[in-house]
Structure formats: structure tokens, C-alpha cells
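**Q** Sequence:
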Amino acid sequence: MIPPQPTRRRWFQIHLSTVVALTLTAGAILFLNMEKRASQWWDGLTPFAGTVYGWPFNCYIQEATWGVLHGGSLDEPEWSFEKLAANILSSFLILVWIGLLSELVLNTKEREPEKIRKSTALILTLVAMCQLYANIHEWKKETTSQDLKSTYVSKGFPCEYYVKSVTTIYFSDMKLPSEGNFEQFSWSWLVADFALCALILTLVFILLERRKRIHART
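For the sequence shown, the working numbering begins at 8 and goes up steadily by one.
Calculated directly from the structure, the hints in this document are not laboratory data. Heads up, the beta-carbon is just placed ideally off N, CA and C, and yes, glycines get one too. Honestly, I wouldn't trust all of these hints.
Pair ranges (Cβ atoms, derived) [as the list claims (entries may be wrong)]:
| hint | residue 1 | residue 2 | range |
| --- | --- | --- | --- |
| 1 | H144 | T58 | 20 to 26 Å |
| 2 | I123 | K43 | 29 to 35 Å |
| 3 | F192 | T132 | 39 to 45 Å |
| 4 | Q69 | T150 | 23 to 29 Å |
| 5 | F192 | Q20 | 38 to 44 Å |
| 6 | V134 | E83 | 41 to 47 Å |
| 7 | V27 | L210 | 33 to 39 Å |
| 8 | A45 | L215 | 15 to 21 Å |
20 Å max Cα-Cα, derived EDC-like pairs, lysine to aspartate or glutamate [to be verified]:
| hint | residue 1 | residue 2 |
| --- | --- | --- |
| 9 | K90 | E42 |
| 10 | K156 | E190 |
| 11 | K162 | E145 |
| 12 | K171 | E190 |
| 13 | K125 | E149 |
| 14 | K43 | E83 |
| 15 | K148 | E85 |
| 16 | K162 | E149 |
| 17 | K90 | E110 |
| 18 | K147 | E190 |
| 19 | K125 | E42 |
| 20 | K162 | E190 |
| 21 | K43 | E110 |
| 22 | K148 | E110 |
| 23 | K125 | E145 |
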């Protein structure tokens, strides 16, 4: 008697374990976005410190002070809909990565594991090295507005999780350059960079392995 063949899952069907993982991840992301926290950040021209909401980007500023040379404070709470959209996109990408990774692991357990080709391992290594370099290299950047110019050194791609060595030049009163004693490290943006790197590696791996299976069938 021939044993019954296991029913193949459709492309939109996922495991219960994946649903649980996605639910827990979504709950953690929602908590990080709804929790009020004290934060320091750099907007490209001026360092800020205050009370904010949002992860990984500060989309709602409840109160804040700014300035290395000339201080000031925020008159009223401020929304940033661009950063809110960036938070939604980041959360979606993290959930996609968790879902893909979970399904990849569970599907591999259900069938005989396949060996990874050397070309796939080489490409993944090169992509990981490029991402590592982009995140640990100190990038010298310069931003300019109508009244001042700031130069600083940062780490992180695409999110700047570390900023230091701020130099501000004021054009309005022609003051000499002044060194700002500012240094910021953001765990939230570091986690966001790590999640994006992991998502990119997962997508590259899936595309390469899918291409291998297509060639094997033909």
C-alpha cells in the first residue's frame, strides 16, 4: 500500500508557529512605538534632547531642548508624518523578515535539508561584508541651512546610530567655527540597521535558492 503523500501548502499558507512569532513581534513593535521615552538625537544640523514617541524614528516630540552653542526649547508638541511613515515601513519590513525566516526554517525541517551552493555562500558573505563596512565606517558628513552649517562624523546605514564631533559655523553673524561637545549613541537605530541587514540577507538567500531550484527543474 502506497503511503499518502503529504499535502503541499499553498503559497499563502503559513505555519502556526509563524503566526505566533509574528504576533509577538508585532506586540513588541507596538509597545516600542507607544512607550514614552527620553532620547537624544541629531537632525543633521542641531542636537536635541527631550521626551519622544516612536521607534526607530522619533515621530512625535512631546517636549525638547536643542543646541550646543545656542539653546532653545520646543514651544508645542510636534508630529513628523514622514518619520511616522518610516516607522510603519520599518515595522512592515521587520514582520516580513520574521515571516520569511520562520517559514524558511520550518519548511527546511519538513523536507530533507539541501546544501547551500558555494556561489550562494560567497554572495551572502560579500553582501554581509558590505553591510558591515557601511555600518562601522565613520562617515564624514556636512549639512547646510540658511543660517548655519554643521559638519559631523556618524556611523550607521541607513540609520545613524552614532554621531560625534559636531562643528557649527553660523553665517548670520560670521562667528568663527565652534566645536560642539556632542556625542550620541542610539540603540533603537542600531537595532533598525541590524534588522534591515538581516532582511536583505534573507531576501538575497531566498532569491538565489529559488533560482537554483528553477534551474534544477529545467
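**Q** When you take the CB atoms of F192 and T132, is the distance between them in 39 to 45 Å?
**A** 28 Å Cβ-Cβ, so the 39 to 45 Å window is violated.
**Q** Taking only the CA atoms, is the gap from K171 to E190 under or equal to 20 Å?
**A** 4 Å, holds
**Q** Would you check the hint for K156 and E190, treating anything up to 20 Å between C-alpha atoms as holding?
**A** Cα-Cα ~18 Å, so holds.
**Q** Against the range 15 to 21 Å, how does the distance between the Cβ atoms of A45 and L215 compare: consistent or not?
**A** 43 Å, violated
**Q** Has the given pair, K125 with E145, been kept, meaning a C-alpha gap of at most 20 Å?
**A** 32 Å, violated
**Q** Are the Cα atoms of K125 and E42 separated by 20 Å or less?
**A** Violated - the C-alpha atoms of E42 and K125 are around 45 Å apart, more than 20 Å.
**Q** Given the hinted pair K162 and E190, is their Cα-Cα distance within 20 Å?
**A** It holds: about 12 Å lies between the C-alpha atoms, which stays within 20 Å.
**Q** A range of 33 to 39 Å was offered for this pair. Does it hold for the Cβ distance of V27 and L210?
**A** 23 Å, violated
**Q** Are the Cα atoms of K148 and E85 separated by 20 Å or less?
**A** Roughly 26 Å separates the two Cα atoms, so the pair is violated.
**Q** Taking 20 Å as the top limit, are the C-alpha atoms of K162 and E145 close enough?
**A** 5 Å, holds
**Q** Need the status of pair K147, E190: alpha-carbon distance at most 20 Å?
**A** 14 Å, holds
**Q** Holds or violated: K148 with E110, Cα cutoff 20 Å?
**A** Measuring from Cα to Cα gives roughly 40 Å; hence the hint is violated.
Hints 1, 2, 3, 7, 8, 13, 15, 17, 19, 21, 22, 23 from the earlier list are contradicted by this structure; the remaining hints agree with it.
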